[in-house]
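Number of protein chains: 2
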Amino acid sequence: MGTTRGSKIDPIYRYVRALVICFILLPCIKLSLGAKTRHFKWEVEYKYWSPDCIENIVMAINGQFPGPTIRAKVGDTINVELTNKLSTEGVVIHWHGIRQMGTPWADGTASISQCAINPGETYNYRFKVDKPGTYFYHGHLGMQRSAGLYGSLIVDLAEGEKEPFYYDAELNLLLSDWWHKNTHDQEIGLFTNPFRWVGESQSLLINGRGQYNCSLAAKFSSNTSISQCKLRGTEQCAPKILHVLPNKTYRLRLASATSLASLNLAIGNHKMLVVEADGNYVQPFEVDDLDIYSGESYSVLLTTNQDPSNNYWLSIGVRGRLPQTPQGLTILNYKPNSASKLPISAPPITPVWNDYNHSKAFTNKILALMGTPKPPVNHDRRIILLNTQNKINGYTKWALNNVSLVLPPTPYLGSIKYGLKNAFDQKNPPENFDSINYDVTKPPVNPNSTYGNGVYMLGFNTTVDVILQNANALNANVSEIHPWHLHGHDFWVLGYGDGKFSADKDEKKLNLKNPPLRNSAIIFPYGWTALRFVADNPGVWAFHCHIEPHLHMGMGVVFAEGVDRLSTIPSEGLTCGLTGKMFSGQKN
Amino acid sequence: MGTTRGSKIDPIYRYVRALVICFILLPCIKLSLGAKTRHFKWEVEYKYWSPDCIENIVMAINGQFPGPTIRAKVGDTINVELTNKLSTEGVVIHWHGIRQMGTPWADGTASISQCAINPGETYNYRFKVDKPGTYFYHGHLGMQRSAGLYGSLIVDLAEGEKEPFYYDAELNLLLSDWWHKNTHDQEIGLFTNPFRWVGESQSLLINGRGQYNCSLAAKFSSNTSISQCKLRGTEQCAPKILHVLPNKTYRLRLASATSLASLNLAIGNHKMLVVEADGNYVQPFEVDDLDIYSGESYSVLLTTNQDPSNNYWLSIGVRGRLPQTPQGLTILNYKPNSASKLPISAPPITPVWNDYNHSKAFTNKILALMGTPKPPVNHDRRIILLNTQNKINGYTKWALNNVSLVLPPTPYLGSIKYGLKNAFDQKNPPENFDSINYDVTKPPVNPNSTYGNGVYMLGFNTTVDVILQNANALNANVSEIHPWHLHGHDFWVLGYGDGKFSADKDEKKLNLKNPPLRNSAIIFPYGWTALRFVADNPGVWAFHCHIEPHLHMGMGVVFAEGVDRLSTIPSEGLTCGLTGKMFSGQKN
Numbered sequence: 001m002g003t004t005r006g007s008k009i010d011p012i013y014r015y016v017r018a019l020v021i022c023f024i025l026l027p028c029i030k031l032s033l034g035a036k037t038r039h040f041k042w043e044v045e046y047k048y049w050s051p052d053c054i055e056n057i058v059m060a061i062n063g064q065f066p067g068p069t070i071r072a073k074v075g076d077t078i079n080v081e082l083t084n085k086l087s088t089e090g091v092v093i094h095w096h097g098i099r100q101m102g103t104p105w106a107d108g109t110a111s112i113s114q115c116a117i118n119p120g121e122t123y124n125y126r127f128k129v130d131k132p133g134t135y136f137y138h139g140h141l142g143m144q145r146s147a148g149l150y151g152s153l154i155v156d157l158a159e160g161e162k163e164p165f166y167y168d169a170e171l172n173l174l175l176s177d178w179w180h181k182n183t184h185d186q187e188i189g190l191f192t193n194p195f196r197w198v199g200e201s202q203s204l205l206i207n208g209r210g211q212y213n214c215s216l217a218a219k220f221s222s223n224t225s226i227s228q229c230k231l232r233g234t235e236q237c238a239p240k241i242l243h244v245l246p247n248k249t250y251r252l253r254l255a256s257a258t259s260l261a262s263l264n265l266a267i268g269n270h271k272m273l274v275v276e277a278d279g280n281y282v283q284p285f286e287v288d289d290l291d292i293y294s295g296e297s298y299s300v301l302l303t304t305n306q307d308p309s310n311n312y313w314l315s316i317g318v319r320g321r322l323p324q325t326p327q328g329l330t331i332l333n334y335k336p337n338s339a340s341k342l343p344i345s346a347p348p349i350t351p352v353w354n355d356y357n358h359s360k361a362f363t364n365k366i367l368a369l370m371g372t373p374k375p376p377v378n379h380d381r382r383i384i385l386l387n388t389q390n391k392i393n394g395y396t397k398w399a400l401n402n403v404s405l406v407l408p409p410t411p412y413l414g415s416i417k418y419g420l421k422n423a424f425d426q427k428n429p430p431e432n433f434d435s436i437n438y439d440v441t442k443p444p445v446n447p448n449s450t451y452g453n454g455v456y457m458l459g460f461n462t463t464v465d466v467i468l469q470n471a472n473a474l475n476a477n478v479s480e481i482h483p484w485h486l487h488g489h490d491f492w493v494l495g496y497g498d499g500k501f502s503a504d505k506d507e508k509k510l511n512l513k514n515p516p517l518r519n520s521a522i523i524f525p526y527g528w529t530a531l532r533f534v535a536d537n538p539g540v541w542a543f544h545c546h547i548e549p550h551l552h553m554g555m556g557v558v559f560a561e562g563v564d565r566l567s568t569i570p571s572e573g574l575t576c577g578l579t580g581k582m583f584s585g586q587k588n
Numbered sequence: 001m002g003t004t005r006g007s008k009i010d011p012i013y014r015y016v017r018a019l020v021i022c023f024i025l026l027p028c029i030k031l032s033l034g035a036k037t038r039h040f041k042w043e044v045e046y047k048y049w050s051p052d053c054i055e056n057i058v059m060a061i062n063g064q065f066p067g068p069t070i071r072a073k074v075g076d077t078i079n080v081e082l083t084n085k086l087s088t089e090g091v092v093i094h095w096h097g098i099r100q101m102g103t104p105w106a107d108g109t110a111s112i113s114q115c116a117i118n119p120g121e122t123y124n125y126r127f128k129v130d131k132p133g134t135y136f137y138h139g140h141l142g143m144q145r146s147a148g149l150y151g152s153l154i155v156d157l158a159e160g161e162k163e164p165f166y167y168d169a170e171l172n173l174l175l176s177d178w179w180h181k182n183t184h185d186q187e188i189g190l191f192t193n194p195f196r197w198v199g200e201s202q203s204l205l206i207n208g209r210g211q212y213n214c215s216l217a218a219k220f221s222s223n224t225s226i227s228q229c230k231l232r233g234t235e236q237c238a239p240k241i242l243h244v245l246p247n248k249t250y251r252l253r254l255a256s257a258t259s260l261a262s263l264n265l266a267i268g269n270h271k272m273l274v275v276e277a278d279g280n281y282v283q284p285f286e287v288d289d290l291d292i293y294s295g296e297s298y299s300v301l302l303t304t305n306q307d308p309s310n311n312y313w314l315s316i317g318v319r320g321r322l323p324q325t326p327q328g329l330t331i332l333n334y335k336p337n338s339a340s341k342l343p344i345s346a347p348p349i350t351p352v353w354n355d356y357n358h359s360k361a362f363t364n365k366i367l368a369l370m371g372t373p374k375p376p377v378n379h380d381r382r383i384i385l386l387n388t389q390n391k392i393n394g395y396t397k398w399a400l401n402n403v404s405l406v407l408p409p410t411p412y413l414g415s416i417k418y419g420l421k422n423a424f425d426q427k428n429p430p431e432n433f434d435s436i437n438y439d440v441t442k443p444p445v446n447p448n449s450t451y452g453n454g455v456y457m458l459g460f461n462t463t464v465d466v467i468l469q470n471a472n473a474l475n476a477n478v479s480e481i482h483p484w485h486l487h488g489h490d491f492w493v494l495g496y497g498d499g500k501f502s503a504d505k506d507e508k509k510l511n512l513k514n515p516p517l518r519n520s521a522i523i524f525p526y527g528w529t530a531l532r533f534v535a536d537n538p539g540v541w542a543f544h545c546h547i548e549p550h551l552h553m554g555m556g557v558v559f560a561e562g563v564d565r566l567s568t569i570p571s572e573g574l575t576c577g578l579t580g581k582m583f584s585g586q587k588n
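Respectively, the protein sequence lines represent chains A and B.
If you're matching positions, the first sequence starts at 1 in the UniProt record's numbering and goes up one per residue.
If you're matching positions, the second sequence starts at 1 in the UniProt record's numbering and goes up one per residue.
One should not assume that every hint holds.
16 Å max Cα-Cα, derived EDC-like pairs, lysine to aspartate or glutamate [what the hints assert, rightly or not]: (1) A/Lys442 <-> A/Asp380; (2) B/Lys47 <-> A/Asp185; (3) A/Lys271 <-> A/Glu286; (4) B/Lys181 <-> A/Asp185; (5) A/Lys181 <-> B/Asp425.
Think of the hints as simulated: they come from the structure by calculation, not from any bench.
Please work from the sequences and hints to get the whole structure.
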C-alpha cells in the first residue's frame, strides 16, 4: 500500500520509497512482477429487461445486467472509463470493499468523493486492488443500486500465491432484490409526508435472475394459481445453472447487493464451509445455511459429496423482515445429469425471519484466520452512534445521535481539501447520545431529529472505535437489523451485544484476539456492535447503513482523515457545487 | 433592448449608452420608471399529485403543480433562484417566448445555454422581460416538461401603456397533456430498439387539472361504465372554474405546454376574438374554435353575451393525431349562477382530427396587427430543413436534412465562446436537401440518418430564412404536424404551402406585408412553412419541434450568432463537459 498511497507525491521520493519498501517486504516484488492495468470502457444506461420474467427497466452497463464482472489480480490497477449515457441523471460507481488507498477520489460516492458524473460525461476510475477477495461494485447515488447498477469484482491472488484452502473450481453468485415499482417512484415515496415505504421486494435475484411468483413459490407456499417457473429456457429470468462435477470442491463466491433484504442462503443436502468474509480470510466453519446482509461478501467451500444422480436446489430467502418475497432459486447441477432434471427434494426452507438466535450464532462464528492483522489494543477515540428512526417536520428519517445525514452538493473531498467552510456544517457531529437516560427498548420519547452534514474529523493514523447502538424504531416493539458498511477501510468487529452498550460491563468482553476484519457489520435488533479501525487512509469516507432506502433517509455519517496529505485531487471529480464555482471563479 | 444587451459591458459605457438611447427613444423612460426586479426562490422536486384524479408523480415548484405564475411588467427584471431538489437528475427552466436579449445564458436550455443544474445546486435566472404578452416556462432537459415542469409567465404593459383592445378582466389557461406512465419510462422507450412510442396521453389538463375517463367523457363518447366526473369538489383534479359576469369582455390567455398534443379549444355558444399570438398582437379575427399547438400562446377576447342563466363548457380536444384522449373540460360560470350548475348544452365537439383545412383556415387568418415591425425585404441566407423520420442503427429518429440532433455534454454557449473545437461537430450542418430528387410524399427511399451536433453559425444581424419542409414519415401515407419553436427571437411567418417548396413558384407568394411575428409555427402534413428572422441576439439558440419526444429523438437544430460579442458568460452555468474541465484545469 505504501507505494500506492504516495502515488501523487514527488516521483523520485516515491520511487526511492518503493524500492526501500520492496526490499524490506520481499513479497511485494512478486506482486509488482505480474501486475497490470486492466482497462474497461463502460457506458451506463437504462434498458428494458426482465430480471424476474416481468419486463421492467434496469440500469445496464454496456447493455448488460448485472454489469460485467471485473476479474483482476492483487497488485493490478483497474481503470474504468465510465460514461454516463443517461438522459437527465448523474451517476457514480462505488467499488465496494476496495479500500482505495491513495485514490480516495475513485471511491465513487456522490457528494463525498466526487461530483456525480453528468450525462454525456466520462469519469476515469483508476485504482489498485491490493487484497484478494470477493467484492462487488454498485451505484452510490439516489436509488441507482436498487435500479440494478451493480456487478461483481473478484480479486485473485497474485501469481504464485496460494489461498489457505483448496478448491477445484469456483462459482460466482451476486445476490440482489428486485422491485416492480420504478426506483424513482420508490425514492419519492421516501421523501413524502405521509411516508411511503418501498415495501418488500417482488423478487430475489441470483446473478440478476429471479422468478416472480412462479409455481415453485406456489409449490412451497400457499399460492396455487400461478404460472410455471421458467427454469430451463432462454428467458432473461431463467436461472444460471450451477454446473458441478461430483466429488469436487467448489468455492462459491457470494456477495449481496440487495437494496433492503437480509438473505439466507442454503443448498439442499449440502453443507458449506465459510472461509472468507468481505475479502478477509476467516477461521473455516461449517454451516447448513448462511446469513448474508446487504453489502457483505463471503466465500464458502462446497463439496459435491451427495448422491450424484440428483440435482439440488440452491435457495435464498429473506431474513430479519416478515418475508413477502418468494425464495430465489437456482439449480446445482451434478454433471452429467441434465440441468433440466428437477431436484427430488424441495428447496431448503429459509429459517424463520425473526429467529435472531440463529443469525447471532452464525455471526458469532466469524473469527479471523490466524495471521490476520490484529487490532491495536487501545483506541484513541470512541464514537457511539445511536441508530434511531425519527421525524423531521413530519418526514420519517433515520438518524445517528439525532442527526439525519443530508449530503451537500459539494463533495467533501474537495471542500475539505480546499478549506471551503460553507460547504458543510463545520461543527463535529455528536460523539455520543444521552446514554444514561435514553431507553433503547422504547420508541424515542422525542422523535424529532435534525438534518446535518457535519464530518467526524479523525486524527490521521489514530485508532477509532465505533459503537453502533441499535434502538427501538418509531413504532413500539420494532427494532430492525442494519448492515453498516465502511468505505476506505476494513474494521475489526470486536463484538456484538444485546441492549445498551456499557463501557464498564461490555468493554472487557470485546474480542481483541481474533476479531474478524471486515468492511460490513450488522447491528441486531436492540443490540450493539463494536468496531475498531485505524484512520490510515487519507480521504473522506462514508460509513452508513447499506440498506439503500435507509441511507437515503439519512442513516449514515462521514469520516475524514489526512486529507491534507493528499497533494492533488483530480479536478475532474470536483466540477460541481462550491468546488465547481471555485475552479470556474479562477477563469472569470 | 439596447440597455439590456450591453449589461455585461463596461458600466460607464453602458450608462452613457442607456442615457443616449433613452433620450432618443422616449418611451423607454416610461419603462424604466416603473421597472423593478422581481425575485423568486424556487425549488424543484417531485411530488405525489393527482392531476387527472389518478395519483401520479409530478415535477413541482415550491410544492405547486403547475409551477407558480410569474406576473411582471415590461421592463422588469425577473430573477429566479432555481434550486434543484431532485435526487439524481439535473434540471433547467426555459422561459418560452422571452428573447433573452443580452442574457443568452438565462435561456434555460441544457447543453445549449447552460449545464443542467446539479442536485442541490442553485442557478440564478436573471433576465429582462421586454415585450408584453402571454408566455410560459418549462423544463428543457429530457422529458421534464412532460413530467409537469411548467407554469405561466405573463408580462403586462408598462404603467400607463394601453393594449390595442379593451377587456374588463382576464382569465389564464395553461394547457397540457398528461400520461400515467412515468416519464423516465417513456423516455427509455424512445431510445429502445424496437422503438416504443409514448402513445397518446391519458388526459388533457387545463391549469394542471383534468379528469381521466370520467362520465363526461362517457356522456359524449361510447364508454358508459366509468365514474362520475369530479367537477365541484376539492379534488386536485377538480377544474378551476372560470367565473365571469354577464356582458363583460374577458381576455383569455392561452398557452400550450403539451408534450405532444395539438389542441383545439372552444367554448359552448361563444365566439372568441383572437388578438395576440406568442406575445405579438395580431389583426383581430373571430373564431368559434381555436387551434393551439405545443409551444404556442394566444390571447382571445370573450364577451359574455349569452343567456346569463346558464353556465357553459370550455373544452379542449386533440387535433392532428387520431385522438385517444378524452376532452379536457372546465366550466364558464356566469355569476351569480352556482358553479355547480352543469351547462345545459354538451361541451363543444373538437373538429375532426385530420380536418387540416379547418386548421389551415385558422392559421392563415393570423396576420400582424398594423404597427408590428415588418420583415426585411431580402434574406441573406436561406436554410431549408427537410423534416424526416429516420433510422439510425435500427433506432427510430427524426432528422433535419438527414442529421438527427444529439446534444453534446458541453453547452454550446461556452464551447463557442471559448473556441473549444472538440465540443461539437465543427462542420456546418447541411443548408438544404436534395430537393430535386427527394419525394416528400413517400417514405424516405434510404431511411438511414446520422447523428450530429453541428451548429448553423449565423452572421450577426443578417436576415435568415428558414424553410421547414415536411415530408412523409417512415410509414406510407403518414405525415405529421410539427410545431417548431425558435429560442432567442421572434420570426416572421412568411407563409405556408402544400408539397415541396419551390423558390421559383412559392417565393412570390410569401407575405412580406403583414406576416405575423411569432416564436412558434407549425408545418402541416406534406407542407412547408417559410420563416424569416434577424440574427440580432448574441447567443446560441435552439430551434426545434416542440413535441418533447420528437425533440428528444433529434428533431432540432442549433443556431449561433454574435457569441464573440458577449464579453463574459457567467461561469456558474458552464461547470460541466469541456468548459468544466477547462475551468478546473486552471486550478490543477
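Checked hints:
no. : hint                  : result
1   : A/Lys442 <-> A/Asp380 : 32 Å, violated
2   : B/Lys47 <-> A/Asp185  : 10 Å, holds
3   : A/Lys271 <-> A/Glu286 : 7 Å, holds
4   : B/Lys181 <-> A/Asp185 : 11 Å, holds
5   : A/Lys181 <-> B/Asp425 : 40 Å, violated
In terms of the numbered hints stated before, the structure departs from hints 1 and 5, listed from lowest to highest.
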